[in-house]
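Chains as they are written, first to last, in our numbering: chain A, 1 to 258; chain B, 1001 to 1323.
Note that these hints are calculated values from the structure, not bench results. Take these hints with a grain of salt, some might be off.
As the list claims (entries may be wrong) - Facing chain B, a subset of chain A residues (Cβ under 10 angstroms, in silico): (1) HIS49; (2) LEU54; (3) ASP73; (4) ARG77; (5) ALA78; (6) ARG79; (7) ILE83; (8) GLU88; (9) GLY90; (10) TRP93; (11) LEU102; (12) GLY113.
Claimed, not checked - Stretch by stretch, here's where chain A covers chain B in the computed footprint (C-beta under 8 angstroms, at least three residues): (13) 1214-1226; (14) 1268-1274.
Ideal Cβ positions, reconstructed from N, Cα and C, are used throughout, including at glycine.
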Amino acid sequence: MGGATLACVGVELAVPGRVLCRGLDVRFEPGQVWAVLGRNGTGKSTLVHVLAGLAQPAAGRVELDGRRIETIDPRSRAREVGILLQLEDGVYWGSVADYVLLGRFPHAAGWAGYAAQDVEAAAAALELVHMSDLAARRYSTLSGGERQRARIAQLLAQQPSTFVMDEPLQHLDLAHQAHVIALMATRARDHNETAVMVLHEPLWIGRACTHVVIFGGDGEVEAGAADDLLTRERLEHTYGCALREVSQGEGRCFVPNV
Amino acid sequence: MSARVSALFVAIGVASAASVLAALSFGSYPIDLTSIVDSIVFPAPGVAHDVIWNLRAPRAFAAFACGSLLALAGALLQVLLRNALADPFVLGVSGGASLGALLALTAGAGAAAMNLSAFAGAAAAIVIVFGLTYRGGDWNVYRLLLTGVVLSAGLSALISLTLVLAPDAQLKGMLFWLMGDLSQATSAAPAWLVLAMLAAFAIGVAGKLDLLALGELKARSLGVAVGALQIAVFAAAALATVTAVVLGGAIGFIGLIAPHAIRLCGVANHRALIPLSMLLGGAFLTIADTAARTAWAPQQLPVGIFTALLGVPAMLLLLGRRR
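Using the sequences and the accompanying hints, generate a full structural model.
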């Protein structure tokens, strides 16, 4: 299980009038857990969309095991690279279980609809985010945090080998933040999967992530091992905010010095 | 398929059959159920046979096809535009068809020429909306929706102008057309052919429609080729609407409400939602049309009046129940 390597080769990201990132070369290898850090509006979501093949970089390319991602058939791509979007603009009228089942689309046969194994995968995914008891509820009646967990369950049901997640912890309570971070770290380690997560919570980054991408906001982006890049000075510079480093057990975390 | 969906299929299937039987039975020459069965199983010349096969059956089948097409178009457009208030007429198709039909009536044309003119008007509206919205692969559903609404407003002004300037003798025919009227419906065979094709298409892409309803980006992230799907869905909805409008005029309400009624019964996935909406739309229009031709007999009323008169209380009841 797992195994595909997603790579940026000379990727330049730009929005009209501004360059977000120049010449980014980075390989997201199986087993690694990546955090994408940076202030609001510095290009994190743009990177995430480009990684999942939903947008084209201004220059350079994204490769999945050496193949340019835009040349891969969309359904095959969706079986390898799954993305958790920050926003979903549609409405869903059905149950939570049916919503999670939609994550099986890349695996399901066109006409026949979803098979028993798809239903099982969806149920297992709901169990992973502790939502089995809400399976029959209408999706639209869920709270913000429950909705976020259902969306994570949908991504888990998709069973990609690379998880690209845009703010996976938004709306989650503390216990579920810890649970999702631990879940992704465990899967990366045990199933040889890759997680690339846009995170804002310095509480988790130092503990769970093996690697980081840091958007400086001036077009400079650094990527590398967390042990090398995660320093108090660099994070203070990134966020423009004084921090305190707290070590506890094996991990460390950063809290604002206010 | 869940038990609820199966139960809905049975209930709405029975209602569909009942609606057609009612359409065959009721009228100035009442025919009881036994005679209907007789005339189906042992066709023998006679008044009942003639009334059923020459008058009521063609009209019942036209009504059913028309209602199904409108419900299908509504369900497709609600996904495509990601707007719960979308109906078959939101893209200016009915405005174009109405203007075409009214101009033909003003010129004193016959039924065939009027249908042709209505078709031409609807097709022109579709081409204009699509042409203004889709430029070089850039497609935006909000621009599509707004373009349709703006064009509809313009067409509605031209329709009013035509009504005001039209000779009195033709005014009533025009009003009937604008309110939706199946009494002029000719052969429904082409409509059924279109219906069968479009139903197969819509059920075939049902899984993709589920994803498109969640948003374009979401659908793409799960492997749907969104651009091609949107164009195909637009074309299918437009074809369904044109076919329905040429058959029965601008019959409102069904396209908006039939898919919502099914959703309110707890069905969200399009593999069930689309066929159920089509059956419901067909059955509903067949019943409304039967009411339209019998309630004030021998005077025939426009069916559009009855779709709303029967549909509004039913819909309000459904809405209230879900609170």
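- Structure-inconsistent hints, enumerated in ascending order: Those not satisfied: there are none.
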